[in-house]
Amino acid sequence: MKFFNENLPYILAGISVGGQYALIAIGYTMVYGILRLINFAHGDIFMVAGLMMVYFSTAMPLYAAIPLVLALTVLLGFVIERVAYKPLRNAPRMSIMISAIGVSYLLQNMALYVTGGLAKQYPPIPWISDIINIGTATTKRVTVITPVLTIVLVVALVILIKYTKIGMAMRAVSRDFETARLMGIKINNVISTTFIIGSLLAGVGSLLYFTNYTGVVPTAGAMPGLKAFVAAVFGGIGSIPGAVVGAFIIGICESLIKGAGWTTFSDAFTFALLIVILVAKPTGLFGEKTTDKV
Amino acid sequence: MDKKMKSIYSLIAVAALFVFLFLLERTLPSTSMLFTVLKKGAIYALVAVSLNLLNGFTGLFSLGQAGFMLIGAYTYAIFTIPPQARAQVYQYFDGGIIQFALPVPVALVLAGLAAATFAFLIGLPVLRLKGDYLAIATLGFAEIIRAIFQWDKLGPITNGSNLLRKFPAFSSVLFPFAVSGICIALIVLLINSSFGRAFKAIREDEIAAEAMGISLFKHKMLSFVISSFFAGVSGALLAMYQTTVQASAFKSAMTYEILLIVVIGGIGSVTGSCLSSFLFIACSEWWLRFLDAETVISGFHVPLLRSGFRKVVFSVIIMCVVLFYRQGIMGDREFSWKGLIGLFKKPFAKRAKAKGGAAHE
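Each protein sequence line maps, in turn, to chains A and B.
As numbered in the numbering used here, residues 627 to 920 make up the first sequence, in order.
As numbered in the numbering used here, residues 20 to 380 make up the second sequence, in order.
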């Protein structure tokens, strides 16, 4: 109990960060489940959403800026899929991955050009960045909202995938591309929908993430992106509940390590955890077994 | 053309290149951008070829190259800072533990060996993974290495997160060319040996290769360790080029850059990697430089041109190559004298045919 009380602020922060990672990780895991592609640009979509928020919040009131940012983030994800991934659909998987790295490079350089390389101040969002007290800890309201919102969104997503027509199509496409196409599923629409959902969640994640930090820089997406990806692999890539569980574990561990004064190693720890999991259970916690066809 | 002639031609070409570089250094001012491109290009050529050995020839998708370069750079720097400069470099750590300096060539080899040793240890667990999982695990290891080298407790050796400097560097462009050239030649020899054929077999089909009696793990490890050795050497060269080392520079973005170089050159082509590394560096450092400057042509302010635009244009070019020119510059072909001569002969041959000349060749 003493450990709990002392570390409460870190645990709370960890849960919050975990929720933010979870929202990004879902985007990774859905895209990977369908295209077998590590979408390296996903973290940068997240960063661009943050930057757009910075610029729009100065030009218009927040209640207009937030929906606009989410809409544009979704559009960005959609356009990236159409321009950079769709032409490579029949190419080897490595080409698509390199295209993703190229998109990430492009987005970062564009952000560098637009911002001039300076950190941009993220606007405080009323209500969610207010200070509140929980037990012995003082924190922002976003810390509490994030996990709740994450869980609500995940439940909605799971329902979507289980019970709707598009969800069924997604499952079919992720199982077998060609057969799904033969069965009359418009796979391009399904893939676009996946990117749209993933980008929307990344947009929401960026709203919650950057409220906790002061600024947005062009490389701000790289680390959270990688961590979220690690979370997705950790939970078993392709599985949405897995991604969420993985994200929360990673968020909490990272926060506790920072609390213990080992900040240098908080990133390294995440990757060490990943490698241990991969070596012990190569498909992650909830991953499906794959078999090699000879 | 027989083998002897080919090697004579190659030797002449290499000698001519070095004479040309030597003359360049005598004629051009040493501040010329050309030298920056040549030095950095030679270093990147080495690391690109080493990554290509792994990705292109063995089919192992590894993203850890920046980590191995970091180990090489640090090893080189730590062992070559002269003892009298150590107190100044390690000012927060009482001059550090190591109080001797090794000669440059020894330190270069040691840099490679250190990277190779780490690669061996990392390879033991990681090389059992496949495809994307291997990629993400090696990427993770590179990040872990970066964190370890920045750790305060290791400060007396690595200087923590502070700069390492005052180690010997090179002034002539001939040095990186010589070192990279020797290393790349060694890699080419390896690729053409029976090991190289085993690597290619693993790339084409792991299961079939195993069925033919190739030990998968042994050959993957060999490829991984050798690739890391040369990445370490190139890291040491990069340290010499920059004259300072800091762990925070060796991010995963660096690996992505090297991977893009390999892809632009053609996956599975040593010649392609070399060519594209020079092109890549020339484009990003030199040729597109004008895009960064605000330009006014006869009173008309050219839109968009300002600091940072160069990189945007550059990344658009890269995207175009990746999307529309997927094979890269060379595909998986290599440079050969026969191919070069054929290239020159072709127009003449056509002309001869058009004249209705000797048809029977």
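If you are wondering where the hints come from, they were derived from the structure by calculation, not from laboratory data.
You may find that some hints are simply not true.
Pairs of lysine-lysine, BS3-like flavour, derived with a Cα cap of 27 Å [as the list claims (entries may be wrong)]:
#, chain 1, residue 1, chain 2, residue 2
1, A, K712, B, K330
2, A, K712, A, K812
3, B, K270, A, K884
4, A, K712, B, K149
Covered stretches of chain B, going by a simulated chain A footprint (3 or more residues, C-beta under 8 Å) [what the hints assert, rightly or not]:
#, region
5, 55 to 63
6, 251 to 258
Footprint (simulated), chain A over chain B, 3 or more residues, beta carbon under 8 Å [what the hints assert, rightly or not]:
#, region
7, 40 to 52
8, 85 to 98
9, 123 to 129
10, 151 to 157
11, 263 to 275
Glycine included, every Cβ here is placed at the ideal spot set by N, Cα and C.
Verification of the supplied hints:
no. : hint            : result
1   : A:K712 / B:K330 : 24 Å, holds
2   : A:K712 / A:K812 : 13 Å, holds
3   : B:K270 / A:K884 : 21 Å, holds
4   : A:K712 / B:K149 : 25 Å, holds
5   : 55 to 63        : violated (count 0)
6   : 251 to 258      : violated (count 0)
7   : 40 to 52        : violated (count 0)
8   : 85 to 98        : violated (count 0)
9   : 123 to 129      : violated (count 0)
10  : 151 to 157      : holds (count 5)
11  : 263 to 275      : holds (count 4)
Of the hints listed earlier, those the structure fails to meet are numbers 5, 6, 7, 8, 9, in rising order.
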